[in-house]
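Protein chains: 2
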Amino acid sequence: MEHRIEQIKKQLHAQSYKLTPQREATVRVLLEREDDHLSAEDIYLLVKEKAPEIGLATVYRTLELLSELKIVDKINFGDGVSRYDLRKEGAEHFHHHLVCTECGSVEEIIEDLLGDVEKIVETNWSFQVKDHRLTFHGICKQCQEAVVKSTS
Amino acid sequence: MEHRIEQIKKQLHAQSYKLTPQREATVRVLLEREDDHLSAEDIYLLVKEKAPEIGLATVYRTLELLSELKIVDKINFGDGVSRYDLRKEGAEHFHHHLVCTECGSVEEIIEDLLGDVEKIVETNWSFQVKDHRLTFHGICKQCQEAVVKSTS
DNA sequence: CTTAATGCAAAACTTTTGCAAAGTT
DNA sequence: AACTTTGCAAAAGTTTTGCATTAAG
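The listed protein sequences correspond, in order, to chains U and Y. Residue 146 in the numbering used here sits at position 72 of the first sequence, with consecutive numbering throughout. Residue 213 in the numbering used here sits at position 139 of the second sequence, with consecutive numbering throughout.
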């Protein structure tokens, strides 16, 4: 954790940005909730517990900055809000996501399953791929089991 | 075109919805601009040319209805608006999209390139895939050529 | 005739911006 | 001192809702 903070601090300094207390508090929330996909509002409320004086605008500005530096990924699952997802250390791509249409849970796939598909796109569409967003919609393991139970 | 309208009319009636003139005008705009990815506002302005009395709220309600019936797909490319994409006849899945980070153009891939990946997800993550959203970000053919020209 | 759909305006949200004050180097 | 960052409030923008009126089957 401290190591990640240190690392992010360096990334910021490299572009002559500062790791202010507000930014650090925001990053800590993202680290603590690494598996979640929090909205700006969610993050704001959590950061407020650590740094009560922070403003929502600062959270937005921080998230935008972290997005630009590719420290977090901004994703949108189609409910009216943007969500923010911390990249794993050294990861070059967005995670893939599994969104359950029954219970709304979001699971992450860290592995990059798109290598072959990207090659096809580069070759057949002459499109130079830099990044991707892949989300599957369907039914998660838990909900599948729940259906089996309730109908048997 | 008339055939698609007829088909959509049946789909609506099957759920006891009506194909009102406003809904028909909206569908016609979507058909005419099938390759585009229009926002609700874009669609509203185009529908207004055919049916000047229509209200923006009706367009939103129509698009939501068409979304539910899986006649259109609602997508979000991360600029603050939702965009609407008519499904091809009989298509079961979202198209894939290629978004150019240089010029903002959006290209569609109709072919489904995710068959193998979906199998992997179903097997290794026990997730029952119903649909997917795949967008690549990168540099389109035209912009690649533009760079070559300007630097040579 | 009964229910569904529309248009308008207002409301609800999310996100961005302007600006004076505060903090950093 | 020069510059960046912050908090607040206001603004901007998109989408949804309430409700009286109109239209459809």
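Think of the hints as simulated: they come from the structure by calculation, not from any bench. It cannot be assumed that every hint is accurate.
One copy or two, it doesn't matter: identical chains are merged, so the pair holds either way.
Straight-line Cα separation of at most 25 Å, BS3-like style, residue types lysine-lysine; simulated pairs [as the list claims (entries may be wrong)]:
| no. | residue 1 | residue 2 |
| --- | --- | --- |
| 1 | Lys204 | Lys148 |
| 2 | Lys124 | Lys193 |
| 3 | Lys223 | Lys204 |
| 4 | Lys204 | Lys122 |
| 5 | Lys122 | Lys148 |
| 6 | Lys223 | Lys124 |
| 7 | Lys223 | Lys122 |
| 8 | Lys223 | Lys83 |
| 9 | Lys215 | Lys92 |
| 10 | Lys204 | Lys215 |
Right, here's what the structure says about each hint:
1. Taking the shortest Cα distances, Lys204 and Lys148 sit within 25 Å of each other both inside one copy (16 Å) and across copies (24 Å).
2. In this homomeric assembly, Lys124 and Lys193 never come within 25 Å of each other (Cα to Cα): the closest approach is 45 Å inside a single copy and 43 Å across copies.
3. Within a single copy, Lys223 and Lys204 get their C-alpha atoms only as close as 44 Å, which misses the 25 Å cut-off; across copies the closest is 21 Å, which meets it.
4. Neither within a single protomer nor between protomers do Lys204 and Lys122 lie at most 25 Å apart by alpha-carbon distance, with minima of 35 Å and 38 Å respectively.
5. Proximity of Lys122 to Lys148 under the C-alpha cut-off of 25 Å is restricted to the intra-copy arrangement: shortest distance 21 Å within a copy versus 34 Å between copies.
6. Taking the shortest alpha-carbon separations for Lys223 and Lys124, neither the intra-copy value of 43 Å nor the inter-copy value of 52 Å comes in at or below 25 Å.
7. In this assembly of identical chains, the alpha carbons of Lys223 and Lys122 never lie at most 25 Å apart, being 42 Å within a copy and 51 Å across copies at closest.
8. When the C-alpha separation of Lys223 and Lys83 is checked against a cutoff of 25 Å, the pair qualifies neither within a copy, at 49 Å, nor between copies, at 38 Å.
9. In this assembly of identical chains, Lys215 and Lys92 lie within 25 Å of each other by CA distance neither inside one copy nor across copies; the values are 43 Å within and 38 Å between.
10. Proximity of Lys204 and Lys215 under a CA criterion of 25 Å is satisfied inter-copy only: 13 Å between copies versus 32 Å inside one chain copy.
Checked against the numbered hints given earlier, the structure breaks hints 2, 4, 6, 7, 8, 9 and satisfies all the rest.
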